[in-house]
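Engineer: For the record, the sequence lines run as chains A and B. Numbering follows full-length UniProt numbering, with no gaps: position 185 of the first sequence is 185. Numbering follows full-length UniProt numbering, with no gaps: position 108 of the second sequence is 108.
Because the hints were derived from the structure by calculation, they are not lab data. Ideal Cβ placement from N, Cα and C applies to all residues, glycine included. Hints are not guaranteed to be accurate.
Claimed, not checked - Straight-line Cα separation of at most 20 Å, SDA-like style, residue types lysine to any residue; simulated pairs: (1) A:K242 / B:E177; (2) B:K192 / A:P96; (3) B:K192 / A:V181; (4) A:K250 / B:E85; (5) A:K45 / B:A86; (6) A:K242 / B:A86; (7) A:K212 / B:G116; (8) A:K250 / B:I197; (9) B:K53 / B:A68; (10) B:K198 / A:K250; (11) A:K88 / A:V181; (12) A:K250 / A:T135; (13) B:K198 / A:K212; (14) B:K198 / A:V40; (15) A:K45 / B:I197; (16) B:K192 / A:K242; (17) A:K45 / B:T207; (18) A:K242 / B:Q87; (19) A:K250 / B:M187; (20) A:K250 / B:K192; (21) A:K250 / B:T40.
What the hints assert, rightly or not - Ranges between beta-carbon positions, derived for each pair: (22) B:K212 / A:S159: 14 to 24 Å; (23) A:K212 / B:R61: 46 to 56 Å; (24) B:K198 / A:R62: 13 to 23 Å; (25) B:K212 / A:M187: 27 to 37 Å; (26) A:L147 / B:I82: 53 to 63 Å; (27) A:K242 / B:E66: 28 to 38 Å; (28) A:D235 / B:E169: 51 to 61 Å; (29) A:R39 / B:A208: 13 to 23 Å; (30) B:K198 / A:L52: 41 to 51 Å; (31) B:E85 / A:D235: 16 to 26 Å; (32) B:P103 / A:S64: 24 to 34 Å; (33) A:P41 / B:E169: 15 to 25 Å; (34) B:G92 / A:R44: 34 to 44 Å; (35) B:D41 / A:S64: 31 to 41 Å.
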Amino acid sequence: MAAPHRHATMQSMSNGGISSGSDRPQQHSQLSQQSPGLRVPSNRKTIYDRHLNRTRTAELSRASFAFLFGEMVTYAQRRVTGIQDLEKRLNEQGYPLGLRLLDLLFYRSTSTSSSALSSSSTSSSPPNRPLRIITLLHLIHGPLWRLLFGRAADALEHSVSPDTPNEYMITDNDPMVNTYVSAPRDMSMLNCAAYVAGIIEGVCDGCGFETKVSAHNQPTELWPSRTVFLVRFGDPVMEREKVLERAGVK
Amino acid sequence: MGATSKPAILSSSAMFGSMSTLNNPNLLKMSYYFTILSPTDTPLFNIAFGTSKGGGDGIARFRFPETAQYMNQFIIHSSLDILEEAQWTNGGMYLKHIDTYPPAAAYITAFLTPSGARFLLLHQPPHLPSSTSTSGSIGSSSLLGTAGSTTRASSSSIAANPTSPQTEEAVRQFMNEVYESYVKTAMSPFYKQGMEIKSPVFRSRITAAGKKWL
Numbered sequence: 001m002a003a004p005h006r007h008a009t010m011q012s013m014s015n016g017g018i019s020s021g022s023d024r025p026q027q028h029s030q031l032s033q034q035s036p037g038l039r040v041p042s043n044r045k046t047i048y049d050r051h052l053n054r055t056r057t058a059e060l061s062r063a064s065f066a067f068l069f070g071e072m073v074t075y076a077q078r079r080v081t082g083i084q085d086l087e088k089r090l091n092e093q094g095y096p097l098g099l100r101l102l103d104l105l106f107y108r109s110t111s112t113s114s115s116a117l118s119s120s121s122t123s124s125s126p127p128n129r130p131l132r133i134i135t136l137l138h139l140i141h142g143p144l145w146r147l148l149f150g151r152a153a154d155a156l157e158h159s160v161s162p163d164t165p166n167e168y169m170i171t172d173n174d175p176m177v178n179t180y181v182s183a184p185r186d187m188s189m190l191n192c193a194a195y196v197a198g199i200i201e202g203v204c205d206g207c208g209f210e211t212k213v214s215a216h217n218q219p220t221e222l223w224p225s226r227t228v229f230l231v232r233f234g235d236p237v238m239e240r241e242k243v244l245e246r247a248g249v250k
Numbered sequence: 001m002g003a004t005s006k007p008a009i010l011s012s013s014a015m016f017g018s019m020s021t022l023n024n025p026n027l028l029k030m031s032y033y034f035t036i037l038s039p040t041d042t043p044l045f046n047i048a049f050g051t052s053k054g055g056g057d058g059i060a061r062f063r064f065p066e067t068a069q070y071m072n073q074f075i076i077h078s079s080l081d082i083l084e085e086a087q088w089t090n091g092g093m094y095l096k097h098i099d100t101y102p103p104a105a106a107y108i109t110a111f112l113t114p115s116g117a118r119f120l121l122l123h124q125p126p127h128l129p130s131s132t133s134t135s136g137s138i139g140s141s142s143l144l145g146t147a148g149s150t151t152r153a154s155s156s157s158i159a160a161n162p163t164s165p166q167t168e169e170a171v172r173q174f175m176n177e178v179y180e181s182y183v184k185t186a187m188s189p190f191y192k193q194g195m196e197i198k199s200p201v202f203r204s205r206i207t208a209a210g211k212k213w214l
């Protein structure tokens, strides 16, 4: 019902407010205050009028998530030839989400009490941006995982090999994205958590840590869909890490 | 240079201190230039406004002539090197006052979002009516610094002294409010990182935040 009304008003604006706008004068004046061409939702709430904090009741259903994610995998698969290509596409879909989540995560931890930053929000000091690799990985392992999946990741390890000091591993015993995905036998290498790997990559990149992240199947008897996210930091990051360590930055 | 010019500055600052007691309202009105830069230094949003607190009219009056407003952008961008240095030693989002450009008495305050967007605010105290010659205007920057500390006791110290704790706090509140609007913009599915922010609602939010805190 709301849409036709709006159309009527918009029309009346374009032809000088002569004909159909007369029965809704108030709405007309409100619209003309806004700049032309801006479409406002029928409840007059732009994204700037909504608050960003999640309430307990606002959680999404797992079924709708599974459906959406299934569609995303299908969409990606229709356009690729190999498994690697498919994982790359999923990764690219996750990347921008990671960048956004980073800002959202910090915003939510800054204003824990309410969305209004107005009066007495000075009590809690905002969290720090991660400057070192370990702080960044803890941020992903803990707060980010809780924001996405409602629990922390299961393990965080550093590569033991002296050749690859830039490799870290984050383990999830039962990734939620793979709960309703079973890859066909000829695609057993595929891990759709490449999407989550993309999110991690976005978060690292956003913080200024150039990274490549990939998802690998490492099933155990207890956890058949156990996934390891291999995080490989670039050389500039490792160099900066050394400088920061010498400078004593935490 | 310092040894010879210092006494002159001191004496004239005393003169300025007496001038500010004359209650010239124009002396306390700051001009602000706020800009958001993407992690790759693309300008996403610009706005200029003036002091609204204490009877200010909210109109920016920069020292540059109308034809040279690009100087603001020039000064802000020149502080990016310092920002990128400070970004790896200070983990906070609000980096406070990071840079000063004495020839224009411009003070730069920075806020860094976790995803790498930079909010930069340039404050510039108004031009002194007394300093008309070009050599005098260079000295006036240091003049204003000392003059600000003498008038700190006055109620509208936000405008008077760009580096006082009150100002830092007011700017912090302003930045936090901008950050909230920025996150909302970034969460929109039609917005990609690095895109210019064109929303008139966003602009009005920033204007309101400026009116409220600065």
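Engineer: None of the hints should be skipped; say for each whether it holds.
Structural biologist: Do the hints match the structure? See the list:
The suggested pairing of K242 (chain A) with E177 (chain B) is violated, with an alpha-carbon distance near 35 Å, which exceeds 20 Å. Among the hinted pairs, K192 (chain B) with P96 (chain A) is consistent with the structure: their alpha-carbon atoms are about 8 Å apart, no more than 20 Å. A threshold of 20 Å between alpha carbons decides the hint, and for K192 (chain B) with V181 (chain A) the separation of about 29 Å lies outside it, so the pair is violated. For the proposed pair K250 (chain A) and E85 (chain B), the alpha carbon gap of about 15 Å is at most 20 Å, so the pair holds.
Using a Cα cut-off of 20 Å, the hinted pair K45 (chain A) and A86 (chain B) is violated, with the two alpha carbons roughly 38 Å apart. Our distance criterion of 20 Å between C-alpha atoms is met by K242 (chain A) and A86 (chain B), whose separation comes to about 17 Å. Pair hint K212 (chain A) plus G116 (chain B) holds up; C-alpha atoms about 18 Å apart against a cutoff of 20 Å. Pair hint K250 (chain A) plus I197 (chain B) does not hold up; C-alpha atoms about 34 Å apart against a cutoff of 20 Å.
In summary, the hint linking K53 (chain B) to A68 (chain B) is not supported, as the alpha carbons are separated by about 27 Å, beyond the 20 Å threshold. About 38 Å separates the Cα atoms of K198 (chain B) and K250 (chain A), which puts this hinted pair outside 20 Å; it is violated. Pair hint K88 (chain A) plus V181 (chain A) holds up; C-alpha atoms about 17 Å apart against a cutoff of 20 Å. Under the criterion of a C-alpha separation no larger than 20 Å, the hint pairing K250 (chain A) with T135 (chain A) is consistent with the structure, at around 8 Å.
For the given pair, K198 (chain B) sits about 33 Å from K212 (chain A) by alpha-carbon distance, which is inconsistent with the 20 Å threshold. A hinted pair counts as satisfied when its Cα atoms are at most 20 Å apart, and K198 (chain B) with V40 (chain A) qualifies at roughly 15 Å. Annotation: proposed proximity of K45 (chain A) to I197 (chain B) holds, straight-line Cα distance about 18 Å (limit 20 Å). The straight-line distance between the Cα atoms of K192 (chain B) and K242 (chain A) is roughly 33 Å, outside the 20 Å bound, and the hint therefore fails.
With a C-alpha separation of about 19 Å, the suggested pairing of K45 (chain A) with T207 (chain B) holds against the 20 Å cut-off. At roughly 16 Å between alpha-carbon atoms, K242 (chain A) and Q87 (chain B) fall within 20 Å of each other, so this suggested pair holds. Distance hint between K250 (chain A) and M187 (chain B) is unfulfilled; the C-alpha atoms sit about 30 Å from each other, more than 20 Å. Restraint check for K250 (chain A) and K192 (chain B): the C-alpha separation of about 31 Å exceeds 20 Å, so the hint is violated.
A threshold of 20 Å between alpha carbons decides the hint, and for K250 (chain A) with T40 (chain B) the separation of about 25 Å lies outside it, so the pair is violated. The beta-carbon spacing between K212 (chain B) and S159 (chain A), approximately 50 Å, falls outside the hinted interval of 14 to 24 Å. Between K212 (chain A) and R61 (chain B) the beta carbon distance is about 50 Å. The supplied range of 46 to 56 Å therefore holds. Remark: the range hint 13 to 23 Å for K198 (chain B) to R62 (chain A) is contradicted by a beta-carbon distance near 37 Å.
Between K212 (chain B) and M187 (chain A) the CB atoms are about 56 Å apart, so this pair departs from the stated range of 27 to 37 Å. Between L147 (chain A) and I82 (chain B) the Cβ separation comes to about 33 Å, which falls outside the hinted range of 53 to 63 Å. For K242 (chain A) paired with E66 (chain B), a C-beta distance near 49 Å fails the hint of 28 to 38 Å. About 41 Å separates the C-beta atoms of D235 (chain A) and E169 (chain B), a value inconsistent with the hinted range of 51 to 61 Å.
Taking 13 to 23 Å as the suggested C-beta distance range, the pair R39 (chain A) and A208 (chain B) conforms, at roughly 21 Å. For the hinted restraint 41 to 51 Å between K198 (chain B) and L52 (chain A), the CB-CB distance of approximately 21 Å leaves it violated. Look at E85 (chain B) against D235 (chain A): about 21 Å separates their beta carbons, and that is inside 16 to 26 Å. Checked against the given bound of 24 to 34 Å, the beta carbons of P103 (chain B) and S64 (chain A), roughly 59 Å apart, lie outside it.
Under the hint 15 to 25 Å, the C-beta atoms of P41 (chain A) and E169 (chain B), about 35 Å apart, miss the expected range. At about 36 Å, the CB distance of G92 (chain B) to R44 (chain A) agrees with the hint of 34 to 44 Å. At about 39 Å, the CB distance of D41 (chain B) to S64 (chain A) agrees with the hint of 31 to 41 Å.
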